[in-house]
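Colleague: Read off the chains here:
There are 2 protein chains.
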Amino acid sequence: MKIAIAQQNYHIGHFEANFGKINAAIEAAKAQQADIVVFSELAVCGYPPRDFLEFSDFINRCQAVIEKIKAISQGIAVVVGAPTVNPVIEGKDLFNSAYFIADGEVLHIAHKALLPTYDIFDEYRYFEPASEFKVVEYKGKRIALTICEDIWNIGNENPLYKICPMDELVKQQPDFMLNLSASPFSYDHAVNRLHVIKANTDRYKVPVFYVNNVGAQTEVIFDGGSIVMNGDGQLIEELPYFEEAIHYYDLDAVNNPAPADIKGEQAKDKIDLMYRALIVGIRDYFGKLGFTKAILGLSGGIDSALVMALAADALGAENVRAILMPSEFSSDHSVNDAVKLAKNLGSPYDIIPINKAYDAFNETLKPQFEGTTFNVTEENIQARSRGLILMALSNKFGYILLNTSNKSEMAVGYGTLYGDMCGGLSVIGDVYKVEAYALSRYINRNGEIIPENIITKAPSAELRPNQKDSDSLPDYDELDKVLYHYIEERKGPKELIEMGLRETLVHRVLRLVNMNEYKRYQTAPVLRVSSKAFGMGRRMPIVGKYLS
Amino acid sequence: MKIAIAQQNYHIGHFEANFGKINAAIEAAKAQQADIVVFSELAVCGYPPRDFLEFSDFINRCQAVIEKIKAISQGIAVVVGAPTVNPVIEGKDLFNSAYFIADGEVLHIAHKALLPTYDIFDEYRYFEPASEFKVVEYKGKRIALTICEDIWNIGNENPLYKICPMDELVKQQPDFMLNLSASPFSYDHAVNRLHVIKANTDRYKVPVFYVNNVGAQTEVIFDGGSIVMNGDGQLIEELPYFEEAIHYYDLDAVNNPAPADIKGEQAKDKIDLMYRALIVGIRDYFGKLGFTKAILGLSGGIDSALVMALAADALGAENVRAILMPSEFSSDHSVNDAVKLAKNLGSPYDIIPINKAYDAFNETLKPQFEGTTFNVTEENIQARSRGLILMALSNKFGYILLNTSNKSEMAVGYGTLYGDMCGGLSVIGDVYKVEAYALSRYINRNGEIIPENIITKAPSAELRPNQKDSDSLPDYDELDKVLYHYIEERKGPKELIEMGLRETLVHRVLRLVNMNEYKRYQTAPVLRVSSKAFGMGRRMPIVGKYLS
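Protein chains in written order, with my numbering: chain X, 1 to 548; chain V, 1001 to 1548.
In case anyone wonders, no lab produced these hints; they're calculated from the structure. C-beta: ideal position from N, C-alpha, C; glycine also. Watch out, some of these pointers could steer you wrong.
What the hints assert, rightly or not - With a cut-off of at most 25 Å between alpha-carbon atoms, the simulated DSS-like pairs for lysine-lysine come out as follows:
1) V:K1468 / X:K396
2) X:K366 / V:K1356
3) V:K1270 / X:K519
4) V:K1139 / V:K1068
5) X:K396 / V:K1366
6) V:K1268 / X:K545
7) X:K21 / V:K1293
8) V:K1021 / X:K68
As the list claims (entries may be wrong) - Every beta carbon over 12 Å from chain X, so not counted as near; a handful from chain V, in silico:
9) S1131
10) A1360
11) F1369
12) N1514
13) E1517
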């Protein structure tokens, strides 16, 4: 039996495009005489469709795609993810399902039992969990169908669910398991994924064909990395990251592989993976919204330099326009460094001083500001004048403005709402400052793109004379450590202090994080590369009084 | 047996303040010789605590409050909501629980079984559902404890859950039921709530003491309206809306009420309820964040006029500062009408023309804009210059800026990101334009506060000569009808057209709504007054291609 795995990049709600991709893969699989072609979770509508699922019109359109797939399934079995309507009155209205279609008929529909409802996931918002489990028979083989999370509940110290679908399915003696996934990237996810597949083959002793989604949907990035592993726990192949691919496997060769059948796994360097994820995140945000060109403010600092280099790699350097907006507080090296970066990349740039706008606001507000002194207000006027100029260029010429705030700044609120926090997409809002340095060095791995001076100089917002980040923030190494353990690890103040972090620092940082929830609420979507990004995966009350 | 109901306004994570309120109510109940005092769902930490629940430190602090409550429970039973740790390894780590504490001991802990996970609710994100149900015995009475949603699954055509906790509890022959709720306001919720309580007493024939939360937590508003109904379905009392209250009931008098025991229900006028909800929403947002003063841009149009009148009622007119920012496109009547409103209210106001800022940006961007013509870019520069001025005043003097966008505008993207969409709180982002008119007339019910001319003139953004909203938008009556059925009722295009709405209008409006998701993503929290508000209760993909 020949099995095809189709690792594809769908577009939420774009039924024509998604069917086009599925159709092309079915044609290719037929040409290769495959018996079965397997697609990923909710392939017909893209994942996560979120509240579109509450529209019966949306569900009907998903069903219309299933009908079209049935019509082209002559001579091949197609396994594809789609939402289905729960026929029982009690419970949620939908299931998250896997269709098994062959020769124009639906032979089986399996429903997902374990519905992730944590971090970015809201599946129990929409779906009823499966309560029945049945293998499907096809061409003399018994096949267990599972969907993503269904196989993630084993081998954990603290399992999230009370059941394991495969514990039921294995009683029906399946010959192999197909898993349809939409399992998002984080820089440590690929390792976990391999462990989970291995835990399944160890326990159930059947081959697993794990088919993941690839590409980005707003903030959520899928890395692909689909997996074929046999019942002895031998990794046959891990498919490429961040690319579409259709690969074919002979079941006998999977069960008893010759050395040449074993393709092995992909390299897993954290910074390389983050880089590639961010490139896909930018590219798909623009591509799926129908935009080609980006604009950003280039300050001469490391964050905007990194975002520009990433955007140039994602969109083409000629499609990224840098705007340098010096003020009276800008140092010469800032402009020079920024110009050098734009020239290194070969991207267009403009120098647009903000002094006229800044003066006009100071003049306009003179009667109201009489008797007050320069403070954060005037700093914010500069940042917001820059934001306004960038948005004006964006509106006039059809750019998407890229936000350049990093995760450390966003965490402690070191940024101006409607100023440097403007933008349609936050590229590095899930990248701590120390990781921004590592990514910049990675970008320079084959020669200088980001000028060395940008990487080595002390960070400064340059909003008042001789300002340095270190005037108002702790050292980034120390800050990022507190932030990581608080945000990613959810440690409280007591645990952080017990880890050896300074008590005054811990209290100050946690207070800043919680006080600034209102700023993050209004931030652009953040490309998610860690296990806990700001945005839909981290939901905090603004009026909360905890640790603030 | 004497039962006290404590309808209180908690502050999420503010354990000292919450315990202070609970303590005061226990003292009061003891003074009244009550046998039991009942508080609302998750009273110790406030509802909804959201991802604070993922911090074990947060859970420990909740438990510390329970310990303090135990210490003051001599001679009285206290029933209070708090999260508890699930001792079973499998499943979610927490339960949403009701403690029954008396004389320093925990006599029983009941867990919530039905976990709302839709709209603004994320309970299955955190909590494991109860699987065991037991009445608690106290002073010879058998008491069924339920939590909010637990009693909402009966009498529905399409029940969300497969079980009914009271179906189990009633087998143990309870004498009455206590329900601890945190059930948010929407303008049609109070009617539904009474129906649900009635459906419960009809089915189970036992008295229900339903204790709701009151007050606002960021966008979510609780109206109180706690209910006492006897086993014959007689409404004994519906507690006041939007106020804290402790009321006392003798169980015998509830079971066999004299005419004087029957206090009946509150009036339920939609616009009056919306008005009162918005007042509480503003007041608690400011109060819980520790702010007293608001600022807003007053354009002379109805939306900002309505927001200003609401803010004046919520915070005191002297604490609301209006900024009039005319441009060359502003009409005389706009400034005159706005001044008149500020004078009617007795609020401070400034007139700050934006021409200097507008000219400075046009001058600054001249090289880049060479050869282009006036379009939405220049309109946005005006809106953003206003936003910048308002934020500068907010930063300098410690105001919270109120956003004045209505739901119709927000839906179709008729507003400028970082311009008129600025603000810490969206006051009327869940109020359709036609409802904004009704609210304005309500505010004028005892005499003119909002000048009549503001209510009767044709709406205009005044961002280009002689502009009217009707130049770019359909008539608001028609627009709001499409929006309501699409947003609140989740009808698709086919259903909307079948309702008799114009086909071209339907397609245009749905496309505008979906195309502008990116703007709403960056909007301030919206006070929720309908059953489907923008924000945490409506989760849409930005890159979605559905109907756009």
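Colleague: Now tell me, hint by hint, if it's right for this structure.
Modeller: Going down the list of hints, with the structure as the test:
no.: 1; hint: V:K1468 / X:K396; verdict: holds, 22 Å
no.: 2; hint: X:K366 / V:K1356; verdict: holds, 12 Å
no.: 3; hint: V:K1270 / X:K519; verdict: violated, 33 Å
no.: 4; hint: V:K1139 / V:K1068; verdict: holds, 23 Å
no.: 5; hint: X:K396 / V:K1366; verdict: holds, 12 Å
no.: 6; hint: V:K1268 / X:K545; verdict: violated, 33 Å
no.: 7; hint: X:K21 / V:K1293; verdict: violated, 55 Å
no.: 8; hint: V:K1021 / X:K68; verdict: violated, 61 Å
no.: 9; hint: S1131; verdict: violated, 9 Å
no.: 10; hint: A1360; verdict: violated, 4 Å
no.: 11; hint: F1369; verdict: violated, 6 Å
no.: 12; hint: N1514; verdict: violated, 8 Å
no.: 13; hint: E1517; verdict: violated, 9 Å
Comparing the model with each numbered hint stated earlier shows that hints 3, 6, 7, 8, 9, 10, 11, 12, 13 do not hold.
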